[in-house]
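> Each chain, letter by letter, is given below.
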Amino acid sequence: MSKTNFDAVKLASEYDSRHPSDILKLALDNFNNNIAISFSGAEDVVLVDMAIKIRPDLKVFSLDTGRLHAETYRFLEQVREKYRINIDVLFPDAESVQKMVTNKGLFSFYKDGHRECCGIRKVVPLRRKLSTLDAWITGQRKDQSPATRAGVPVVEKDGAFSTADHTLYKFNPLSNWSSAQVWQYIRANNVPYNELHNKGFISIGCEPCTRPVLPNQHEREGRWWWEEETMKECGLHAGNISKP
Amino acid sequence: MQVISANPETSDIAMHITMVKKVLADGSACRKCQQVEARLAEAGLRDKIDRVVIADERDLNSEGMLLAGEHQVKQAPFFIVRDDQGNETVHTVYFRFIKAVFNRTASESEAAADIIDTSPDLDYI
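Chains A and D, in that order, are what the protein sequence lines are.
Residues 920 to 1163 (the working numbering) make up the first sequence, in order.
Residues 73 to 197 (the working numbering) make up the second sequence, in order.
Hints in this document: simulated from the structure, not taken from any laboratory.
Treat each hint with caution, since some may be false.
[To be verified] Chain A is faced by these chain D residues, among others (derived, beta-carbon under 7 Å):
1. Glu142
2. Lys146
3. Gln147
Where a beta carbon is used, it is the ideal one built from N, C-alpha and C, also for glycine.
Use the sequences and the hints to build the structure in full.
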């Protein structure tokens, strides 16, 4: 059941400059028990740390693609134990994974892009989970990708996962925080973090599709680095058009 | 204009459907446009598309580029559905388009691929 009186556009404007904790409180107060944090096993741990102080019975889920780093699995467990929360770990459909791997091998994404693999391992289980919720909370930040996240509001109607019958809202409490602010919070509050960050990783995803970046490299360069150009090919804005 | 009868909710409504697809600078069709055309054919829906318009990378004034600008669409392919009252609805996500217009349901994996293709901000999930 979706809330019909929740004005995401108005609240996004009102809360745009508020602290992430205020945005989390707005989310948790408005959606009571039918809201959950999507925890990726990276810096979004700060959301868990903040939210647990507001709602000890917080719901958290995580996508286990089967291809995560061992460090990430250890970190998920560390977070579960420290905060004494259940993390609802979501798995891909075994038959779909098996069919893809049988037909294309274990590293098909290097040849034909990450979309199919991400679709099967992440989006399908995520979509199933979100169909049971009225709202979810993500760690998306504008500074993670100027190309794709510059317009991420602190709260929005989820255009990707809402359906004609089910409106889903998405909260992005860290939207306006920089990476530096996130790390200030982690250090100041003694928040546990994924040990991959000590090895040069900024963005953390699946092991084959994530690599550490060098100083001054943008974190986007650590993900799907082999397919940057092909991602743009369906765009219809002038920036994609080659100048003569 | 043809009568679309696949969707019981719209069975008596005449609709005109325009598909806008992109042609790249080298003259080839964009990957997603090719995939969607194949899925339309596989679903037996290809002949329900009244008109196919090209958004040509080499020509900013090509009809498809102008339609994309008019409807503020940023990715190809997309569909413009006009009813007999002249009302236009734009669909940018294929699995939602076939659900809304033809009451067809895409597979989970196809829907997931469509979501990824049309939601670039999901690139870090």
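> Indicate, hint by hint, whether the structure satisfies it.
Results of checking the hints against the structure:
1. Hint status for Glu142 (chain D): violated, given a least beta-carbon distance of 11 Å to chain A, over 7 Å.
2. The criterion of a C-beta within 7 Å of any C-beta in chain A is met by Lys146 (chain D), whose closest approach is roughly 5 Å, and the hint holds.
3. Hint status for Gln147 (chain D) relative to chain A: holds, with the closest Cβ pair at about 5 Å, below 7 Å.
Checked against the numbered hints given earlier, the structure breaks only hint 1 and satisfies all the rest.
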